[in-house]
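Kindly produce the complete structure, drawing on both the sequences and the hints.
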Amino acid sequence: MAQILLIDDDDAVRNMLRLTLTHFGHTVTEAGDGRAALKLFDQARPDLVITDIVMPTMEGLEVLMELRKRPPPVKIIAMSGGSRKSAADYLDTARLMGAAKVLTKPFSTDVLLAAIDELLAPV
Amino acid sequence: MSHLPVILVVDDVSANRETFHELLDEESYRLIDADSGPLALQLAAKTPPDLVLLDVMMPGMDGYEVCRRLRANARLAEVPVLMVTTLDDQASRITGIEAGADDFVSKPFNRVELRARVRTITRLDRYRRLAESQAALRESVTRFRELAENIQEAFWVADAKTSHKLYISPAYELIWGRTCRSIYEDPHSWSESIHPEDRERVLHSAANRALAGAYDQEFRIIRPDGAERWIADRAFPVRDSSGDVLRWVGLARDITERKSAELLQRESDQWLKAVFEQAAVGVAQTDVTTGRFVRVNQRFCDLVGYTREEILLLSFADITHSQDMAANLENVARLRDGSTREFTQEKRYVRKDGSIIWTNIAVSAIGPVGEEPVSFVAFAQDITERKQLDEHFLQAQKMEALGQFSGGVAHDFNNILAAIGGYAELSRMQLKGNPKVRDYLGAVSQAADRAADLVRQILTFSRQEPQARQLIKLQPIVLESLKMMRATIPATIEFDTDVAADAPTVLANGSQVLQILMNLGINAWHAMKDRTGRLTMRLDTCTVDAAYAATKPRLRAGDYVRLSVSDTGTGMDPVTLRRIFEPFFTTKAPGEGTGLGLSVVHGIMESHDGAVTVHSQLGEGTIFRLYFPVLPGETALLPVEAGPIPQGSGERVLVVDDEKLLAELHRKALAALGYDVESVTKPAEALALVRADPRRFALVLTDQTMPGMTGLDLASQLGEIRPGLPVILMTGYSLSLTPERIKAAGACQLLIKPTSIHALGIAVQAALHPQPTR
Chain W
0 MAQILLIDDD DAVRNMLRLT LTHFGHTVTE AGDGRAALKL FDQARPDLVI
50 TDIVMPTMEG LEVLMELRKR PPPVKIIAMS GGSRKSAADY LDTARLMGAA
100 KVLTKPFSTD VLLAAIDELL APV
Chain R
0 MSHLPVILVV DDVSANRETF HELLDEESYR LIDADSGPLA LQLAAKTPPD
50 LVLLDVMMPG MDGYEVCRRL RANARLAEVP VLMVTTLDDQ ASRITGIEAG
100 ADDFVSKPFN RVELRARVRT ITRLDRYRRL AESQAALRES VTRFRELAEN
150 IQEAFWVADA KTSHKLYISP AYELIWGRTC RSIYEDPHSW SESIHPEDRE
200 RVLHSAANRA LAGAYDQEFR IIRPDGAERW IADRAFPVRD SSGDVLRWVG
250 LARDITERKS AELLQRESDQ WLKAVFEQAA VGVAQTDVTT GRFVRVNQRF
300 CDLVGYTREE ILLLSFADIT HSQDMAANLE NVARLRDGST REFTQEKRYV
350 RKDGSIIWTN IAVSAIGPVG EEPVSFVAFA QDITERKQLD EHFLQAQKME
400 ALGQFSGGVA HDFNNILAAI GGYAELSRMQ LKGNPKVRDY LGAVSQAADR
450 AADLVRQILT FSRQEPQARQ LIKLQPIVLE SLKMMRATIP ATIEFDTDVA
500 ADAPTVLANG SQVLQILMNL GINAWHAMKD RTGRLTMRLD TCTVDAAYAA
550 TKPRLRAGDY VRLSVSDTGT GMDPVTLRRI FEPFFTTKAP GEGTGLGLSV
600 VHGIMESHDG AVTVHSQLGE GTIFRLYFPV LPGETALLPV EAGPIPQGSG
650 ERVLVVDDEK LLAELHRKAL AALGYDVESV TKPAEALALV RADPRRFALV
700 LTDQTMPGMT GLDLASQLGE IRPGLPVILM TGYSLSLTPE RIKAAGACQL
750 LIKPTSIHAL GIAVQAALHP QPTR
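As they're listed, the protein sequences go chains W and R. When we follow numbering that gives the first Met the number 0, the leftmost residue of the first sequence carries the number 0, and every step to the right adds one. When we follow numbering that gives the first Met the number 0, the leftmost residue of the second sequence carries the number 0, and every step to the right adds one.
To be clear, the hints were calculated from the coordinates, so they are not data collected in a lab. These numbers come from a predicted model, not from an experiment. Mixed in with the good hints, there may be bad ones.
Claimed, not checked - In the PhoX-like style, the derived pairs of lysine-lysine whose C-alpha atoms are separated by at most 25 angstroms in a straight line are:
| no. | chain 1 | residue 1 | chain 2 | residue 2 |
| --- | --- | --- | --- | --- |
| 1 | W | Lys-68 | R | Lys-659 |
| 2 | W | Lys-74 | W | Lys-38 |
| 3 | R | Lys-258 | R | Lys-272 |
| 4 | W | Lys-74 | R | Lys-667 |
| 5 | W | Lys-68 | W | Lys-38 |
| 6 | W | Lys-38 | R | Lys-351 |
| 7 | R | Lys-482 | R | Lys-472 |
| 8 | R | Lys-272 | R | Lys-386 |
| 9 | R | Lys-386 | R | Lys-351 |
| 10 | R | Lys-528 | R | Lys-482 |
| 11 | R | Lys-659 | R | Lys-681 |
| 12 | W | Lys-68 | R | Lys-667 |
To be verified - Which chain W residues face chain R? A few, computed with CB under 8 angstroms, are given here:
| no. | residue |
| --- | --- |
| 13 | Asp-9 |
| 14 | Val-12 |
| 15 | Leu-18 |
| 16 | Thr-19 |
| 17 | Thr-26 |
| 18 | Thr-28 |
| 19 | Leu-95 |
| 20 | Met-96 |
| 21 | Lys-104 |
| 22 | Thr-108 |
| 23 | Val-110 |
| 24 | Leu-112 |
Even glycine gets a Cβ: it sits at the ideal position worked out from N, Cα and C.
Right, dumping it as structure tokens:
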């Protein structure tokens, strides 16, 4: 099972995801904003980062930019429900910035688990 | 015999009367006898005699009395009276003279003397009368002269046989500009003066006037000075005692002024008529009290689709759209009560075929100011097209507003749905032992899914949710949709397909196309519900020319793969037809449909750079046509990700994106690749920077979807400021534009999202250093 850093400013979503992930045996550290998340990342490097993109001041993308400066590359799943632009617009950028998987909110648990499995599967 | 002098012989004694008869030659005179004074007066009154032989001594009324009475009668006062006396006495003669006697004869008569006296008296009297009548004639000639020579008309007398003028009054000289003498010297100058175009007609009428018994002509003359005058010439025959026409007398009047006024009037009438009939606006006159049409021009008939005969049976209220009626009646009431003289209103008429036409009408009250109007005149201009444009514009705004709204709520809404769905699933996992509650939670999950689907649909029609598109053939999708529909739609609906196998590939999202076909197919079925019908699907290629494109707001000229779905159902009226693509507009009962189906079709076709059109006729069915643009040649511009990421060497790049952080991220990404990058969030700022210093940037990287100005618009404006400036368009829905349009907008590269830093690096490098075309 994996060590996952979960970043989302929406408490309900973050709590739900944490419960889901822990239910399936993962270890989760969580943050409600980008700055706290980077601190946690630096303290204990996780196997996987799952981050929302559109947070106040869109820290999700900032996080991705920052993570690029911390090689080796970490596996990242970006999520978005859209905002002023469509979710795809944000997720396209997230991909550009290094997200390996993108998920459009809302997504089902199965989709999330499948994405995690794919990323963490031994190459 | 009638011209013999008449002598009235008055004597009560018949022997005396006999004597007169004997003495006077009865071949020279006509004698009338009277045996009493009263009879004499009676006979004289009947036939005024030329002489009265009057006996003095008569019983009853004596000769003096008879004479006095004769003189008292105006008609007989001048009649000579020869009084017959017995005695040649002075007294009775004086009495006789006083009574008015002219002369006296005494009995017994001297035969010669009597005859001489009688002859003298009668002759003298005749001379006197002749003189009198000659004086009267002279007077009448003078009066005629005065009349003839002072009237403004030319009075003329002509010989009946030759038609030559025997007399013409001096007004001739004024009117004709010729001397009166000239017409006597040259009788033909009359006809020669007549305008050649009128001459034959006038002469013909003159030649036939004896038969017709009258002559009345209007014609033009040409004066010696070349001036033209209009003449009204009338004549009457003068006949002799046997009824033959001796002469014609006529009056020729100068009517030039009247004629030119007439001509002006006629011209003005014709002008008015032409204006009325050929006006570019409909003109209708209506009755004040009934509102009935009294007079309409052809344009008005065309506008409302009725014939003139039909419309004259209708009132304006009969063809006014019910929603415009109240305002119309209110305006008319103000006209009627005089509180205004005119009004304008935008209103709809219901045409004969039931369709609606929008007009702008200007209505005026006709009649004297301050009094009740006599009628109303309306000028109606067709503004249907403008109204439709307004509507399209409103529609576009509505769509955009809804798009912004849904984009705005999508973020929060999707988070909420994620939480609902996620917790429901979590709960299900925890509740292994309670199947009932697990079922409930399953229902929550399903509801959340449906809500998520609805949001996705809203985002689709508002183009907020781009979908990946690829080059595909539509044929298998059509067949797939038919298979699915056949499974759903009962056998009473016949299917008809016509799929062109050679229709080229298009850039499309297959599942969206399938969704469109299902939407249209189900709608077609609903339109044919409870009856038999035919659903036809056709796939072919077509070329839309500029003329047809101009009639469809969203269709551009070009080559298309066309997908048509038609039914033989109830069809739609024009009102429904105009609103069908509007989100949440539905003709179904509440709860039976979201009203999103066709707006989704519309949104999908827009995102495919295509268009959807609809034709429908009530009772005849509906046909939807989907136009997918045919892509010219090879369009794949995706760079191949291989080898190291190309690095920049300080080239200055401008990044444009309305989302600040996206702009910032692209700036950082490109900076990491070795470029010198600036970023702005407004296209206008980018334009200002380049305008200030056109050589400042080697490349512009811009997002396509930005409020106010698209990336393509920006590229084309940049191209005008600095031709050849490379611009990379980034767009989420791949080729939102054909390469031709992109090329037309300037030196453009297209970068299709999602992309990677690797792809970005390759694209930037390629744009900065284009390889010669292979």
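**Report entry** 25 angstroms Cα cutoff - pair Lys-74 of chain W, Lys-38 of chain W
**Finding:** Within the cut-off at roughly 17 angstroms; holds.
Query raised in the report: Are Lys-38 of chain W and Lys-351 of chain R close enough, with their CA atoms no more than 25 angstroms apart?
Result: Roughly 77 angstroms between the alpha carbons, so the hint for Lys-38 of chain W and Lys-351 of chain R is violated.
Query raised in the report: Taken at face value, is the distance from the CA of Lys-38 of chain W to the CA of Lys-68 of chain W at most 25 angstroms?
Result: holds (14 angstroms)
Query - Pair hint Lys-68 of chain W and Lys-667 of chain R, alpha-carbon separation not exceeding 25 angstroms - result: holds (12 angstroms)
Query raised in the report: Going straight from one Cα to the other, do Lys-74 of chain W and Lys-667 of chain R come out at no more than 25 angstroms?
Result: holds (21 angstroms)
Query raised in the report: Regarding the hint that Thr-26 of chain W lies at the interface with chain R, is the smallest CB-CB distance below 8 angstroms?
Result: It is violated, given that the least Cβ distance between Thr-26 of chain W and chain R is near 17 angstroms, above 8 angstroms.
Report task. Starting from Lys-528 of chain R, check that the Cα of Lys-482 of chain R is at most 25 angstroms away, please. Result -> The hint holds at about 19 angstroms.
Query raised in the report: Can the hint on Lys-104 of chain W be confirmed by a CB-to-CB distance to chain R that is less than 8 angstroms?
Result: Hint on Lys-104 of chain W: holds, closest Cβ of chain R at ~4 angstroms, below 8 angstroms.
Query raised in the report: Going by Cβ atoms only, is Val-110 of chain W closer than 8 angstroms to chain R?
Result: violated (11 angstroms)
Query raised in the report: Are the Cα positions of Lys-659 of chain R and Lys-681 of chain R separated by 25 angstroms at most?
Result: With Cα atoms ~9 angstroms apart, Lys-659 of chain R and Lys-681 of chain R stay inside 25 angstroms; holds.
Query - Given hint Lys-472 of chain R paired with Lys-482 of chain R - CA-CA distance at most 25 angstroms - result: holds (17 angstroms)
Query raised in the report: Is the interface hint for Asp-9 of chain W satisfied, with its Cβ closer than 8 angstroms to some Cβ of chain R?
Result: Holds, because the Cβ-Cβ distance from Asp-9 of chain W to chain R comes to roughly 5 angstroms (cut-off 8 angstroms).
Against the hints set out earlier in the document, violations occur for numbers 6, 8, 17, 18, 23 and 24.
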